[in-house]
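Visitor: Each chain, letter by letter, is given below.
4 protein chains.
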Amino acid sequence: MNWKKRLYDIVFKTDTRAGKLFDVVLVISIILSIIVVMLDSIATIHQEHGKILLTAEWFFTILFTIEYLFRIYISKKKFNYVLSFYGIIDLLAILPTYISLFFAGYHYLLVIRILRLLRIFRILKLYRFIGASSYLMESLKASRHKIAVFLSAVMAIVVIMGAAMYLIEGQESGFKSIPESIYWAIITLTTVGYGDITPVTPLGKALASVVMILGYSIIAVPTGIITAELTRKKDKDERDRKICNECGCNDHDKDASYCKVCGKEI
Amino acid sequence: MNWKKRLYDIVFKTDTRAGKLFDVVLVISIILSIIVVMLDSIATIHQEHGKILLTAEWFFTILFTIEYLFRIYISKKKFNYVLSFYGIIDLLAILPTYISLFFAGYHYLLVIRILRLLRIFRILKLYRFIGASSYLMESLKASRHKIAVFLSAVMAIVVIMGAAMYLIEGQESGFKSIPESIYWAIITLTTVGYGDITPVTPLGKALASVVMILGYSIIAVPTGIITAELTRKKDKDERDRKICNECGCNDHDKDASYCKVCGKEI
Amino acid sequence: MNWKKRLYDIVFKTDTRAGKLFDVVLVISIILSIIVVMLDSIATIHQEHGKILLTAEWFFTILFTIEYLFRIYISKKKFNYVLSFYGIIDLLAILPTYISLFFAGYHYLLVIRILRLLRIFRILKLYRFIGASSYLMESLKASRHKIAVFLSAVMAIVVIMGAAMYLIEGQESGFKSIPESIYWAIITLTTVGYGDITPVTPLGKALASVVMILGYSIIAVPTGIITAELTRKKDKDERDRKICNECGCNDHDKDASYCKVCGKEI
Amino acid sequence: MNWKKRLYDIVFKTDTRAGKLFDVVLVISIILSIIVVMLDSIATIHQEHGKILLTAEWFFTILFTIEYLFRIYISKKKFNYVLSFYGIIDLLAILPTYISLFFAGYHYLLVIRILRLLRIFRILKLYRFIGASSYLMESLKASRHKIAVFLSAVMAIVVIMGAAMYLIEGQESGFKSIPESIYWAIITLTTVGYGDITPVTPLGKALASVVMILGYSIIAVPTGIITAELTRKKDKDERDRKICNECGCNDHDKDASYCKVCGKEI
Chain X
1 MNWKKRLYDI VFKTDTRAGK LFDVVLVISI ILSIIVVMLD SIATIHQEHG
51 KILLTAEWFF TILFTIEYLF RIYISKKKFN YVLSFYGIID LLAILPTYIS
101 LFFAGYHYLL VIRILRLLRI FRILKLYRFI GASSYLMESL KASRHKIAVF
151 LSAVMAIVVI MGAAMYLIEG QESGFKSIPE SIYWAIITLT TVGYGDITPV
201 TPLGKALASV VMILGYSIIA VPTGIITAEL TRKKDKDERD RKICNECGCN
251 DHDKDASYCK VCGKEI
Chain F
1 MNWKKRLYDI VFKTDTRAGK LFDVVLVISI ILSIIVVMLD SIATIHQEHG
51 KILLTAEWFF TILFTIEYLF RIYISKKKFN YVLSFYGIID LLAILPTYIS
101 LFFAGYHYLL VIRILRLLRI FRILKLYRFI GASSYLMESL KASRHKIAVF
151 LSAVMAIVVI MGAAMYLIEG QESGFKSIPE SIYWAIITLT TVGYGDITPV
201 TPLGKALASV VMILGYSIIA VPTGIITAEL TRKKDKDERD RKICNECGCN
251 DHDKDASYCK VCGKEI
Chain Y
1 MNWKKRLYDI VFKTDTRAGK LFDVVLVISI ILSIIVVMLD SIATIHQEHG
51 KILLTAEWFF TILFTIEYLF RIYISKKKFN YVLSFYGIID LLAILPTYIS
101 LFFAGYHYLL VIRILRLLRI FRILKLYRFI GASSYLMESL KASRHKIAVF
151 LSAVMAIVVI MGAAMYLIEG QESGFKSIPE SIYWAIITLT TVGYGDITPV
201 TPLGKALASV VMILGYSIIA VPTGIITAEL TRKKDKDERD RKICNECGCN
251 DHDKDASYCK VCGKEI
Chain A
1 MNWKKRLYDI VFKTDTRAGK LFDVVLVISI ILSIIVVMLD SIATIHQEHG
51 KILLTAEWFF TILFTIEYLF RIYISKKKFN YVLSFYGIID LLAILPTYIS
101 LFFAGYHYLL VIRILRLLRI FRILKLYRFI GASSYLMESL KASRHKIAVF
151 LSAVMAIVVI MGAAMYLIEG QESGFKSIPE SIYWAIITLT TVGYGDITPV
201 TPLGKALASV VMILGYSIIA VPTGIITAEL TRKKDKDERD RKICNECGCN
251 DHDKDASYCK VCGKEI
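Chains as they are written, first to last, in my numbering: chain X, 1 to 266; chain F, 1 to 266; chain Y, 1 to 266; chain A, 1 to 266.
Everything labelled a hint here was simulated from the structure, so no lab data went into it.
Treat the hints with care, since some could be wrong.
Straight line, CA to CA, 30 Å or less: simulated DSS-like cross-link-like pairs of lysine-lysine [what the hints assert, rightly or not]:
#1 K20/X x K141/Y
#2 K4/F x K51/F
#3 K13/X x K77/X
#4 K51/X x K5/X
#5 K176/F x K141/X
#6 K4/F x K176/X
#7 K20/Y x K5/Y
#8 K176/X x K20/F
#9 K141/X x K141/Y
#10 K76/F x K20/F
#11 K20/Y x K141/A
#12 K176/F x K51/A
Per label pair, the in silico range of CB-to-CB distance [stated by the list, open to error]:
#13 K77/F x H46/A: 35 to 45 Å
#14 W3/F x I88/X: 51 to 61 Å
#15 T44/F x H49/Y: 29 to 39 Å
To be clear about the criterion: a stretch of chain X counts as covered by chain Y if any three or more of its residues have a C-beta under 8 Å from a C-beta of chain Y, and this derived list gives those stretches [what the hints assert, rightly or not]:
#16 35-43
#17 95-109
#18 184-191
#19 194-204
Ideal placement from N, C-alpha and C gives every residue a C-beta, glycine not left out.
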């Protein structure tokens, strides 16, 4: 079935003129549909233009549903697509509207469509971006054990500090329960500092100061981990060294034509 | 006493099936007991289910007390265990309930039990995590002098800036005393920014801007220290070194032809 | 026309005594004119000294207009100057006053004159500063793809988290619409934490905690990217390389005995 | 005058038993005097114990004045001491009390005495700390041009963003003047986020989001600068390489006894 193959190329690839056009139209539709959902969430706009926005939302949802079913239809290995990252995103991007028929309000989850925009990188053939993102992902993956240890330490600090503040501050000043105090400890340690819960007793303020300085200092740890990993990876990538078959010296630059030790051609 | 040895292996180690099971049950008990304490601190839940939670708390405390005594009993070197890091944590994890008999409220300190969860790393045989955490600890240890100098500088800045703001702002706008002003300086320098104390005079705002930009810039210092340490350690670990078959010295450069210690060819 | 060339040197260069003097007077005028605009924006000062400030503003604007026209007049390649970075800044620095004749208030945009101060670096002959800034710009440029990927990820997180919070918190507690919730997510993720919008439901606080810890952790990513780039650049700059006298290639390792390009002994 | 030399050693050095004792007593006096100033600033304590604290303050001030005069007296090069860093600090640490005779309240500046505590590092013979701090100072010094460029950029951003917000938000919502708006821009860019001034218009919130993300991202720049500098310095320090007199190879480890290239003893 040649036409099925051609449709597949148009829908899934961007090599052809038609394939590129298809993806551009798709991206514009996605952006428009997200704007529709956002506008609908603003009370005054919802009251005035609610019906138009609802229509637009259903229009995009039906469009994306057809597209989703079409993608399944033209895929050879249907399950591969359905269970792939993009397949799941494509499904999640249409479900909320149908769910909103039964549970009002859930259609706001449609913003998950923003993940469909990841296709943008493919359309623009921005291989550099894909390279950059896989580079970052690898570095994060390589540091995952250290980051897990760091997050465990953060967790232990906020639980203990939260409970201590609950005891010190009493229930008057916003530290109403241990979970609430832990919430405060997270706000403080991460240096967000909303200020909706703040200590009022001198001892509480002293302990809060400790948490702040701790948070201010230990942010150095994840930064150090990621940076060390990125630096190392960079070093590794750049160390593409040639080997001389004559003397065996394996420390030549990539652009070397002659061995720097024995002078033989490489 | 063979059974004592076997019990020791079950309680302290995780190699055997029974040992693993024991640790899993323990970890679940710890998590449940922390949840009980947290729930009890929420006023509405305390009022309704206070009695059940109190019973649960005493149940877990007695359980952990028996476990603690049992651990002492089966240890050969009893003092070694009692004075070890885990031994002290195990004791601190049961004391608050008993203290709460005399001083109401102190049972909330039971959240210190979260430190007992450090055993999780052992159960899961996550040596990688232990490796990662010891790696981080070493780096922090190696930079402790620099971090101490940094914290001294931070301390001097917040004291002087706090006193200056107390003078500038007067007592009207939250800067009620020098300690209070120092508390504000810490909030500002660490970029937490609760907003419970803020300057109102133009000069105060100018000085606050200086503190903010200072805090925003000098966070680079601890980050730089930790990162440089982590990068250096990484470099050292990864620099694959040659071994001399003659004297066994394993710290030669990759391009070394002769052992730097005994002079023999490698 | 010799006098035109000499005037060009005075206005555009700083080698001559007159050229230096011209630039110093210019910088002082720019600073004074910015102070005038700032003072004028303070209501009490505007009421009392409004007329004097308006006169001063027009004085500086006319001065800079004359200077701008003069710069065009004495330039040989007039379009080159008009379309250059400095040429555009020079134009933008006078336009707001004229616009304010038709649209009141727009003269505050005169603060854009601060960009004219970039000339300061030239006056002070601070080549080191120019070197430092071009060094930083290059590093930022080299990391632009990674930073774009990072910002895309941040964008996706704040949109999805914003919509989720809008659903969870309902409209009572400040999360009035999805755009408003996205604004909150940005405030929280970047650890700014104004506290003008804060979650009130337990589930909302839990999700907010996730956003905070996420923001606290992922700040490591841009830091890591920039640091790795700066470190790499530094390494490259400092790695003193050997030069081959035969072919002139200047990129040999320190321990190279033969040119890697032509094979001659170095 | 032998006794003058001996007194000099006691007061200025810490080698002798008496010299050490002198410094310890001094440090304790300094800490006590700072605590007195801090306590005096708390209104309730001032009312009750004001007289005792005033007496204590004068006691310490007179003590330090005698010490200061004594230090001048026993110094051979009197001006060297008076104009040295410590000499100036010692003077500043006694002046505020005398000034407070004429201008009430200025005695709070006595907290500058905290700088006298820098002597602690000398007393404890903590050469490591001195090494660590000089190490940090050198790195900061080496990056001062880049940091100056960075701060200039920050300054330009906050001035332009501040003026733009003043125009957008109007005077109702806290953005009362351009300097006030610049203050807001600094609060936001540095991620402090007090929340005392926050945008209320949609456009203002959008621009604020841009400032936040900018602030969140560019913090990477000073961090990267300092880290690259610290890493480089570390590399340099560790690269203490030996040279072989036989073959001239200059890339041997510090602990190498034999040349790794020709095998000769170094």
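Visitor: Assuming the hint says 29 to 39 Å, is it satisfied by the Cβ distance from T44/F to H49/Y or not?
Guide: 60 Å, violated
Visitor: Taking only the CA atoms, is the gap from K20/X to K141/Y under or equal to 30 Å?
Guide: The given pair, whose Cα atoms are some 28 Å apart, holds under the 30 Å limit.
Visitor: Has the given pair, K141/X with K141/Y, been kept, meaning a C-alpha gap of at most 30 Å?
Guide: The hint holds at about 25 Å.
Visitor: Under the criterion that the straight-line Cα-Cα distance not exceed 30 Å, is the pair K176/F, K141/X satisfied?
Guide: Not satisfied, since the Cα-Cα distance of roughly 49 Å exceeds 30 Å.
Visitor: Quick one, are K13/X and K77/X close enough, alpha carbons at most 30 Å?
Guide: 16 Å, holds
Visitor: Sort out whether K20/F lies within 30 Å of K76/F, counting only the CA atoms.
Guide: This hinted pair holds, its Cα atoms lying about 21 Å apart.
Visitor: Do the alpha carbons of K51/X and K5/X lie within 30 Å of each other, as the hint requires?
Guide: 40 Å, violated
Visitor: Next pair to validate is K4/F with K176/X; report whether the Cα-Cα distance is within 30 Å.
Guide: 47 Å, violated
Visitor: Range hint 51 to 61 Å: satisfied by the CB atoms of W3/F and I88/X?
Guide: Hint holds: Cβ distance 54 Å, inside 51 to 61 Å.
Visitor: K176/F and K51/A were given as a pair; does the straight-line alpha-carbon distance stay at or below 30 Å?
Guide: With Cα atoms ~20 Å apart, K176/F and K51/A stay inside 30 Å; holds.
Visitor: Counting residues of the region 184-191 of chain X that have a beta-carbon nearer than 8 Å to any beta-carbon of chain Y, does the count reach 3?
Guide: Satisfied; 5 residues make the cut.
Visitor: Closer than 8 Å, Cβ to Cβ, for at least three residues: run that test on the region 194-204 of chain X against chain Y and report holds or violated.
Guide: It holds: at least three residues are needed, and the region 194-204 of chain X offers 3 whose Cβ sits within less than 8 Å of chain Y.
In this structure, the earlier hints numbered 2, 4, 5, 6, 8, 13, 15 are contradicted, and the remaining ones agree with it.
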